[in-house]
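Chains S and H, in that order, give the protein sequences. For what it's worth, the working numbering labels the leading residue of the first sequence as 1, then goes sequentially. For what it's worth, the working numbering labels the leading residue of the second sequence as 1, then goes sequentially.
Possibly wrong hints are sitting among the right ones.
DSS-like cross-link-like pairs, simulated, lysine-lysine; straight-line CA separation at most 25 Å [said to hold, decoys possible]:
{"#": "1", "chain 1": "S", "residue 1": "K127", "chain 2": "H", "residue 2": "K182"}
{"#": "2", "chain 1": "S", "residue 1": "K41", "chain 2": "S", "residue 2": "K136"}
{"#": "3", "chain 1": "H", "residue 1": "K797", "chain 2": "S", "residue 2": "K235"}
{"#": "4", "chain 1": "S", "residue 1": "K235", "chain 2": "H", "residue 2": "K736"}
{"#": "5", "chain 1": "S", "residue 1": "K134", "chain 2": "H", "residue 2": "K176"}
{"#": "6", "chain 1": "H", "residue 1": "K176", "chain 2": "S", "residue 2": "K41"}
{"#": "7", "chain 1": "S", "residue 1": "K235", "chain 2": "H", "residue 2": "K344"}
{"#": "8", "chain 1": "H", "residue 1": "K613", "chain 2": "H", "residue 2": "K587"}
{"#": "9", "chain 1": "H", "residue 1": "K361", "chain 2": "H", "residue 2": "K441"}
{"#": "10", "chain 1": "H", "residue 1": "K797", "chain 2": "S", "residue 2": "K295"}
Heads up, incomplete: computed chain S residues facing chain H, CB under 8 Å, no partners named [to be verified]:
{"#": "11", "residue": "S126"}
{"#": "12", "residue": "G144"}
{"#": "13", "residue": "S237"}
{"#": "14", "residue": "Q312"}
Treat the hints as calculated values from the structure; they're not laboratory data. Glycine included, every Cβ here is placed at the ideal spot set by N, Cα and C.
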Amino acid sequence: MNPFVFADCTTESGALAQLSQNAKDGIVVKAGGVDLLDRMKEGLESPTKLVNIRNISSLRGIRETPEGLHIGPLTTLAEISEHPLIQSQYTIFSDACGNAATPHIRNMATLGGNLLQENRCWYFRSKDYQCLRKGKEICFAFGGLNQYHSIMDYGSCPAVAPSSAAVGLLGLNATVELTSAKRGKRVVGIKELYVLPEANPTKFNVVEPDELLTAVMIPKPAAGTRSAYQKYGEKQSFDWAIADAGVVLEMDGNTCRRAVVTMGAASPVVRRSPQAEAALAGKPITEETARAAGKASMEGAQPLSMNAYKVQMFPVAIYRTVLLAAGQMGRDPRAAG
Amino acid sequence: MATTKLPSSADALLGAAADAAKPPAGMETVTMPYGVPGYTLHDVQRQVPTTEPPVLPVNADLEYIGKSPKRWDAHAKVSGSGRYTADIQLPGMLYAKFVSSNVPHAKVVSIDTSAAEKVPGVKGVFVIENLLGGARLLNPSLEVSKYPIVRYAGQPIAAVAATQPHIAEEAALLVKVQYDAKPFVVDMEMARQSDAPPVFPGPANQGGSAGGGGGARNVPQTGNIHGPAVHKRGDVEQGFKDADFIVESKYTTQVQVHNALETHGVVADWKPDLLTVWASTQGTASVREELASFFKLPKSQVRVITEFMGGGFGAKFGPGNPGVVAAALSKQTGAPVRLMLDRKEEQLSVGNRPSSDQTLKIGAKKDGTLTAIQLISFGTAGCGTGAGCAGPATNLYQSASLHTEENDVFINAGPAAAFRAPGHPQGAFALEQTIDELAEKLNMQPLEFRDKIDTNPVRRVERQIVRESALWKSRNPVPNADRGPIKRGVGLSQSVWYRHIVMDSAAEVRVHRDGSVEVLSAVQDIGTGIKTVMAQILAEQFGVPPQQVSVKIGDTNYPVGPNSGGSVTTASLTPAVRDAAWQAAQKFLVSVAPALGTTPDDLVLTKGEVHSKSGHMQPISFRRAAAKMDTSEVSAQARRIPDYDPKHYDTYGGVDVAEIEVDTEMGIIHVKQFFAVHDCGRPMNPSQVINQINGGLIQGTSFALYENRLIDPTYGLMVNANLDLYKIAGARDIPKLHVQLVESYIAQSSTDASGIGEAAGIISAAAAIGNAFYNATGVRIRSTPMTPSVVLETLSKAPQRSNA
Ligand SMILES: Cc1cc2nc3c(=O)[nH]c(=O)nc-3n(C[C@H](O)[C@H](O)[C@H](O)COP(=O)(O)OP(=O)(O)OC[C@H]3O[C@@H](n4cnc5c(N)ncnc54)[C@H](O)[C@@H]3O)c2cc1C
Chain S
1 MNPFVFADCT TESGALAQLS QNAKDGIVVK AGGVDLLDRM KEGLESPTKL VNIRNISSLR
61 GIRETPEGLH IGPLTTLAEI SEHPLIQSQY TIFSDACGNA ATPHIRNMAT LGGNLLQENR
121 CWYFRSKDYQ CLRKGKEICF AFGGLNQYHS IMDYGSCPAV APSSAAVGLL GLNATVELTS
181 AKRGKRVVGI KELYVLPEAN PTKFNVVEPD ELLTAVMIPK PAAGTRSAYQ KYGEKQSFDW
241 AIADAGVVLE MDGNTCRRAV VTMGAASPVV RRSPQAEAAL AGKPITEETA RAAGKASMEG
301 AQPLSMNAYK VQMFPVAIYR TVLLAAGQMG RDPRAAG
Chain H
1 MATTKLPSSA DALLGAAADA AKPPAGMETV TMPYGVPGYT LHDVQRQVPT TEPPVLPVNA
61 DLEYIGKSPK RWDAHAKVSG SGRYTADIQL PGMLYAKFVS SNVPHAKVVS IDTSAAEKVP
121 GVKGVFVIEN LLGGARLLNP SLEVSKYPIV RYAGQPIAAV AATQPHIAEE AALLVKVQYD
181 AKPFVVDMEM ARQSDAPPVF PGPANQGGSA GGGGGARNVP QTGNIHGPAV HKRGDVEQGF
241 KDADFIVESK YTTQVQVHNA LETHGVVADW KPDLLTVWAS TQGTASVREE LASFFKLPKS
301 QVRVITEFMG GGFGAKFGPG NPGVVAAALS KQTGAPVRLM LDRKEEQLSV GNRPSSDQTL
361 KIGAKKDGTL TAIQLISFGT AGCGTGAGCA GPATNLYQSA SLHTEENDVF INAGPAAAFR
421 APGHPQGAFA LEQTIDELAE KLNMQPLEFR DKIDTNPVRR VERQIVRESA LWKSRNPVPN
481 ADRGPIKRGV GLSQSVWYRH IVMDSAAEVR VHRDGSVEVL SAVQDIGTGI KTVMAQILAE
541 QFGVPPQQVS VKIGDTNYPV GPNSGGSVTT ASLTPAVRDA AWQAAQKFLV SVAPALGTTP
601 DDLVLTKGEV HSKSGHMQPI SFRRAAAKMD TSEVSAQARR IPDYDPKHYD TYGGVDVAEI
661 EVDTEMGIIH VKQFFAVHDC GRPMNPSQVI NQINGGLIQG TSFALYENRL IDPTYGLMVN
721 ANLDLYKIAG ARDIPKLHVQ LVESYIAQSS TDASGIGEAA GIISAAAAIG NAFYNATGVR
781 IRSTPMTPSV VLETLSKAPQ RSNA
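Kindly generate the complete structure, drawing on both the sequences and the hints.
Following this line, the structure appears as structure tokens:
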């Protein structure tokens, strides 16, 4: 590990100034540090300067606004999952944050860091593999060990989207605010936050080196909205999702007016399933329609050599989560979190 | 019995046997408890040396032994004051870091350490020329190389010592190793092919470690296949002809890595007249022995200290490469050197449980009698040996014939090491499921069938307890009875482990004039709680509470202790401790008798009081009597004497029942609970014994469902050498554990203690889960870890049953 400068910032402007000082590589933002320190220890990241934003109190907290919610990026996953308003009206989001990782990680991990963490492909995460995502030619996962990798929409790199929070936020049509000292603020949607490997294999998100993610905004859900998220892993504790699903239902009595179905560990960036949504829209929520939605979600799935089992798991995760959102089934005691 | 005229010499023998009732000089006949209280308890006679302490009654009649006082060092552990190896700080201490290979198979052409040496703060670089671990070529001239051949990615090549850990890390990256890469194979199936790249160019052997492990030596070797090691009893061909039913199937298990919470590591301090090594080891004796021999030092000039250690599970015997390299660097730099492995090094280079691929065939007659057991197994211990797994098939059941062939398959991966009940979790996974499968064919229930073929009297009691348990009674004997997607199943497995005794087990007990008592032994506490048990023994002898006993262990300055492998520690050491305590107490009485105005043989020390047999004086407390000692300290040292009746061989074991739920849509197995019934001789401290069984069941569950060392076949590197993708059961994955201990007296020593660490659930957990899976789904699951991928695949191959 190379020596580096540790710049401990307490204000947003101070941190932005640090980031704009030198646009060269090597200045890196540290929030909770859960993801970043792992990468530094493996030697994947050797910053010259760490800009610690963890102590910027103005970037932490949950605020209700006329439009919905405004959440500071330093709010921890634990804080989000315990927030009564989020639990009752934005359930998909509190569930997603509350079932990510482990209790001790959730106490440390920030929302911003969770959204911007890099993928967990074991080839990418090892300094011994110079892969596509590190600007080289090869993806090792296609011909290698790929049991936890993507089953759809993967293009040139099948690493899966790691962020549970994003699965919740995509379901709620959230946006994030990015701020740079030089260029000011811009707002991008959750989907637009992420970069597909085809577009640029070495970039995971659109955040520029001199930008900070300064807020997450969630519009107020329409009346009659119910939502839920569930995550399934090999283990129930201390594990990553192998299949996770978010469901938002806008209900008119028994009929689902509009549905949003989001999926995490299926593809390199968090995705919605238009097929599953179509299978629910305009229909009553029943075991039958929920199962049909689950089944529809796998249209176009192309599992790799070792992960066909995920094609069996996702439909079940979606069907159970649809029923959970609709209040027709309890939380699955065997789901992870 | 046939009456045959005996030849005269035999007459003489018979005469001798008749005389045997009268013990030879120095021996006496004692009456001891034998069997299971409430079931089979009775008296037996044993001839024991007259120097032995009085026979201990059963636990119910004792004050401290057989009870569960709190862990003697609990406070030190939870408060952080207990010193583990990584806590050792010595003045001027350097931090060392390995340089490890990142290729799986290569000849090292050159090693350039110059850049590393120039880094400010670097004090020494050591290049390994004599690597420990793994198998060795019988004919070393087949490979001519200055440096050890790299046979696995992660093999240590050199090490750097620097004033700060990060300097050592940085400098280690600057050591340039030039490799001449060789073809490699990391997949066992591929390694078995005749055209696979050879891991060794000729026959290679590996010795075992103090904890077992290591495979058969000098067996045939073809390509990467080292074996078979063949064992036969009777004629299996005939056995299968005699069978009415035969079950044959293939089972596979994965490589499991020990991953003790504390990684391997040492602090070595080389001084001209003494090498002192703090080591995370399960054998202070083995570390001393091997360091002395490696560096050609007299053992008296090597001292090994292990005050606290964070687990070993069989992988921490001897100094290993970390110990040797740290000592060499300390010698070279003249400063103490700490070398603690990181988690990746731990996963790659210091041992694992070999995989298995077993074809097991068992034949039985209609009445259940077993006619033949045949096991052909392959397994990989990486570039070492020790993948045999025939223990359960050989030792659990009576069969008219037995044939086992165990093969080690070399691959380019780190060598295995003994791992908690070597071979047994693998072997039991196949055996116990096959026994259940056979029971079904015979139309017998699992317990009924085992009653027929298992003659062990203690397990018979254990099965009775299981039979009467609420959990077993709740089992639906009809498989796949639940209609919904979540199916409940209950299944059981038995386990067997063996009585090993280490004679190099000694202790010293000291009594001081202030009434304090202490016990000393070089034994280390691998985590089982031997300190507490030693304190309990002194407490029983002197009548002082265990917390007031000073226990000093984990230092080779004290009398030699056993290496903790093979479940030997409590069984081997406690009789020596009790003998020493008893002898010290006798010396104590000699020392106080004059001041008490009587003779030593008029005095007895019992329940913390000194009594006069003749009524010469009122009883006085031990502490007040101690004040009258005619010297400031008396002490006695005792060593383990052989078992009282070594010809009488008992095994240990248990019967474990798992309750699981299978989510058949998701492929997720949720283990709800275990009911585990186990024996281990006299439980010296029942709660610590239960601790071991809890741990074994958790580790066994983790093996059954999650853990798996994954090596990328194309590049030969482990992809999950961490603790987030090498998956170990976490809090919510751990079932409810309910353990019932069976006291089983075997009349073998002054404490009659036995071992538990290995019999403790690790052997049977996966097999019990497998049998529960069948009970739940009607389908056999034949490979571990039982991940969703494996479960869904298994269920998809099952004949479709109507579930509506
Ligand atoms: C065993 C295990 C299981 C896990 N399981 C899950 C899971 O199920 N679901 C899940 O979602 N996660 C999971 N995680 C990941 C964990 O949640 C993330 O690592 C964590 O949320 C990262 O947050 P952080 O604040 O520590 O980020 P950091 O490590 O501080 O930052 C992560 C990245 O984001 C950048 N960054 C952070 N904040 C900002 C900002 N405001 N502006 C610009 N850039 C920023 C940093 O530069 C860095 O590159 C798991 C982790 C482990 C170890």
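To see whether the hints hold, each was checked on the structure:
Restraint check: the Cα-Cα separation between K127/S and K182/H comes to about 21 Å, which is no more than 25 Å; the hinted pair holds. For the hint pairing K41/S with K136/S, the CA-to-CA distance comes to about 21 Å; that is within 25 Å, so the pair holds. For a cut-off of 25 Å, the pair hint linking K797/H to K235/S stands: about 24 Å separates their Cα positions. The straight-line distance between the Cα atoms of K235/S and K736/H is roughly 16 Å, inside the 25 Å bound, and the hint therefore holds.
The straight-line distance between the Cα atoms of K134/S and K176/H is roughly 23 Å, inside the 25 Å bound, and the hint therefore holds. Distance check on the hinted pair: K176/H and K41/S sit about 20 Å apart at the alpha-carbon level, within 25 Å; holds. Taking the CA atoms of K235/S and K344/H, the gap is about 21 Å. The hint holds against a cut of 25 Å. Restraint check for K613/H and K587/H: the C-alpha separation of about 17 Å stays at or below 25 Å, so the hint holds.
Of the supplied pair hints, the one linking K361/H and K441/H holds, its CA atoms being roughly 14 Å apart against a limit of 25 Å. Only pairs whose Cα atoms come within 25 Å are accepted, and K797/H paired with K295/S is accepted, the gap being roughly 21 Å. Because the beta carbon of S126/S sits about 7 Å from the nearest beta carbon in chain H, less than 8 Å, this interface hint is met. The interface hint given for G144/S is met, as the beta carbon of that residue sits about 5 Å from the closest beta carbon of chain H, less than 8 Å.
Interface restraint check for S237/S: the shortest CB-CB distance to chain H comes to about 3 Å, inside 8 Å, so the restraint holds. Given hint, Q312/S at the interface with chain H, holds; its Cβ is 5 Å from that chain's nearest Cβ, closer than 8 Å.
Violated hints for the displayed structure: none, as all numbered hints are satisfied.
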